[in-house]
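Residue numbers (the working numbering), protein chains in the order written: chain A, 1 to 417; chain B, 418 to 540.
Misleading hints may appear alongside valid ones.
As a list, the in silico BS3-like pairs of lysine-lysine whose alpha-carbon atoms are at most 27 angstroms apart [claimed, not checked]: (1) Lys-421/B with Lys-367/A; (2) Lys-451/B with Lys-155/A; (3) Lys-193/A with Lys-420/B; (4) Lys-444/B with Lys-193/A; (5) Lys-151/A with Lys-451/B; (6) Lys-193/A with Lys-492/B; (7) Lys-155/A with Lys-444/B; (8) Lys-151/A with Lys-420/B; (9) Lys-151/A with Lys-421/B; (10) Lys-80/A with Lys-512/B; (11) Lys-367/A with Lys-451/B; (12) Lys-180/A with Lys-501/B; (13) Lys-193/A with Lys-493/B; (14) Lys-93/A with Lys-346/A.
Short derived list, chain A residues pointing at chain B, Cβ under 10 angstroms [as the list claims (entries may be wrong)]: (15) Arg-171; (16) Leu-174; (17) Lys-318; (18) Ala-389.
Honestly, the hints are just simulated from the structure, not real lab data.
No residue lacks a Cβ here, since even glycine has one placed at the ideal position from N, Cα and C.
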Amino acid sequence: MHRDLVIIGGGPAGLAAAIKAREEGIDDILVIERDIELGGILKQCIHNGFGLHIFGEQLTGPEYAQKFIDKLLELGIEYKCDTMVLNITDNKKVTAVNTKDGVIEIQAKAIILSMGCRERPRGALNIPGSRPAGIFTAGTAQRFVNMEGYKIGEKIVILGSGDIGLIMARRLTLEGSQVKMVLEIMPYSSGLKRNIMQCLDDFGIPLLLNHTVVKIHGKERVGGVTIAKVDANRKPIPETFRYVECDTLLLSVGLIPENELSKNAGIVLDKVTGGPRVNESMETSVEGIFACGNVVQVHDLVDNVTKESYLAGLGAAKYIKGTAGNGGREIETYGRNGVRYVVPQKIRLDDMGDEVNLFLRVDNIYKDVYLSVSDGGKTIYKVKKRIVAPGEMESVRLKKDSILNMENDKLFVELIR
Amino acid sequence: MEKKNLICINCPMGCRIEVTEEGGKLKVTGNSCKRGELYAISEITNPVRIVTTSLFVNDGVHPTVSVKTSREIPKKMIFKCMEKLSAITVDAPVKIGDVIVKDILNTGADIVATRNVDLRFAI
Ligand SMILES: Cc1cc2nc3c(=O)[nH]c(=O)nc-3n(C[C@H](O)[C@H](O)[C@H](O)COP(=O)(O)OP(=O)(O)OC[C@H]3O[C@@H](n4cnc5c(N)ncnc54)[C@H](O)[C@@H]3O)c2cc1C
Numbered sequence: 001m002h003r004d005l006v007i008i009g010g011g012p013a014g015l016a017a018a019i020k021a022r023e024e025g026i027d028d029i030l031v032i033e034r035d036i037e038l039g040g041i042l043k044q045c046i047h048n049g050f051g052l053h054i055f056g057e058q059l060t061g062p063e064y065a066q067k068f069i070d071k072l073l074e075l076g077i078e079y080k081c082d083t084m085v086l087n088i089t090d091n092k093k094v095t096a097v098n099t100k101d102g103v104i105e106i107q108a109k110a111i112i113l114s115m116g117c118r119e120r121p122r123g124a125l126n127i128p129g130s131r132p133a134g135i136f137t138a139g140t141a142q143r144f145v146n147m148e149g150y151k152i153g154e155k156i157v158i159l160g161s162g163d164i165g166l167i168m169a170r171r172l173t174l175e176g177s178q179v180k181m182v183l184e185i186m187p188y189s190s191g192l193k194r195n196i197m198q199c200l201d202d203f204g205i206p207l208l209l210n211h212t213v214v215k216i217h218g219k220e221r222v223g224g225v226t227i228a229k230v231d232a233n234r235k236p237i238p239e240t241f242r243y244v245e246c247d248t249l250l251l252s253v254g255l256i257p258e259n260e261l262s263k264n265a266g267i268v269l270d271k272v273t274g275g276p277r278v279n280e281s282m283e284t285s286v287e288g289i290f291a292c293g294n295v296v297q298v299h300d301l302v303d304n305v306t307k308e309s310y311l312a313g314l315g316a317a318k319y320i321k322g323t324a325g326n327g328g329r330e331i332e333t334y335g336r337n338g339v340r341y342v343v344p345q346k347i348r349l350d351d352m353g354d355e356v357n358l359f360l361r362v363d364n365i366y367k368d369v370y371l372s373v374s375d376g377g378k379t380i381y382k383v384k385k386r387i388v389a390p391g392e393m394e395s396v397r398l399k400k401d402s403i404l405n406m407e408n409d410k411l412f413v414e415l416i417r
Numbered sequence: 418m419e420k421k422n423l424i425c426i427n428c429p430m431g432c433r434i435e436v437t438e439e440g441g442k443l444k445v446t447g448n449s450c451k452r453g454e455l456y457a458i459s460e461i462t463n464p465v466r467i468v469t470t471s472l473f474v475n476d477g478v479h480p481t482v483s484v485k486t487s488r489e490i491p492k493k494m495i496f497k498c499m500e501k502l503s504a505i506t507v508d509a510p511v512k513i514g515d516v517i518v519k520d521i522l523n524t525g526a527d528i529v530a531t532r533n534v535d536l537r538f539a540i
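Okay, chain B solo, but in the shape it has when bound:
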């Protein structure tokens, strides 16, 4: 592994951390506390993120509904996840917590609604 530079996000110090590999072991430098080391190792070995976005809604009082992954997914799958979601339209009504896609891309994470969108009645 070549060396990687990170900025720690745990506190406002924002330590510049360098991670290198030595004989199969990760070496973390530049951190000023333990939390920095743990963060760096998880970032290097398995970076994960919550993905949030909006989907179009049919017949809703709003044109979109905001959604999130119910848990973090691997960082490298973010764009794949977005691509998959771009093809999806939801029918109103939608309630907070509704599962819109189950187990997206076999990540174990569901796509859930993060807001309510009521049905729009034709006048």
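In isolation and in its complexed conformation, chain A is listed as follows:
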């Protein structure tokens, strides 16, 4: 089978990329999704707050997804659900499998990777104790409660104050469970303020900063956890050990881009984001393979996923039509002095539009700083920030004119106090 464009993953990233590519004139598109329906993780995010930037209204996750699904159907873009991509190669051969067609091999002209991310499970944390039932990642719990209609526990402790954990604290409380506390090992929450207020404070759920779980108790089912305060080096302080009775432990301790397929194709990954290194058109290190959404970097707002995915769709369309530029001068981006990473990692001046959006994350909470972009010497862009935090992605929009006259081929994004 041959296709101009194969898109792997039918979440908001894959949907937006497909729509954009079609609008740019690519007819022969196939979206492959392993779940039984399109929409990705949004289908289980039934709370509102999505799409404020793109639609100017507060939608729930399924509503946001449906807008893009409807558009996809309207444009007649082909998709296969219940189909899992097993492998891709650097010459863009896609191997997928489902129960109807068996194993399918597709030779694509271009591929867009939009597989999203996955949650860090218990195994990634090394919490001592037995292996009882009742330990869930927050996202798994979200699916069980919101989509399958299960009650997952009565007395719940949540480890990690990421947004999904906070949202589940509220959700489980509404469903009649008792959420005893949310523990956060860092001195600050990685969740949005809005979620701390409306998911914890609204219901009187305590948030214990500088705290972690040091042991899980229980044989058949979780019976409780031992929690502890941690010192400045995040080491538990023995005098503060305390037993908390519970039957369920939820983990909300971070997301990792889903990149097994990318690795097989030899795509170069970024050590900090965990996703592919990409250029201004969201193209990876393998020509003609693009990536967007949480597979590239974990986003906190779906609007940013959508915007980034339009870029990937546009980039893939140009690549297929042969209208992409020739690259020209290449500039690499670097984060330093408090900036953990910058996406895209590379900007090709001939291929960029009039401007480029740099996404970045900082490594701590900083107040009253300047976010600066320079070529090492000359400052190209500088903006004052009253506060920046690791939980909130920052972005910087750079005009082409401002980078044309750079002395170096390196662009440094940093915080200046």
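Assemble chain B with the ligand onto chain A, guided by the hints.
Same frame as chain A, now just chain B with the ligand:
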């Protein structure tokens, strides 16, 4: 009124706001901008929230349908609203925007479906 502490949600600053009452007037401190003051006053005088949840579906391709209140309802009515909804089961098919309960608890808000659930055909 005793004093109340809030964290402003308007921007990442997350100002810690204190609201006290002085001679029948609300006094807001700790905010660094006007938006903080407006937020604090609405939170104190009439806190409202959108409620979202899932309901069970009969004969659907999915076991549940997600729903929301069509507008914000008073915060103190959230649990009452949940209680009322826990007794409700919906028949498939359901379409996004379908009204499942009209004017829940006389709040003026309807309960509307936020996803489609098709009918499951027996094989
Ligand atoms: C549990 C969870 C809750 C979240 N809650 C929120 C929230 O409340 N608000 C918010 O703004 N953001 C939230 N996010 C962030 C959210 O991930 C993004 O906003 C957005 O959904 C990311 O879109 P995506 O398309 O990149 O990924 P996803 O939505 O994850 O879509 C990826 C799709 O790829 C499919 N896929 C993966 N591998 C394969 C394969 N090999 N073959 C075929 N298909 C494959 C998956 O099944 C999935 O449908 C949440 C993330 C998670 C993990």
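Legend entry - Hints violated by the structure (listed by number, smallest first): Of the numbered hints given earlier, those the structure breaks are 2, 5, 7, 8, 9, 17, listed in rising order.
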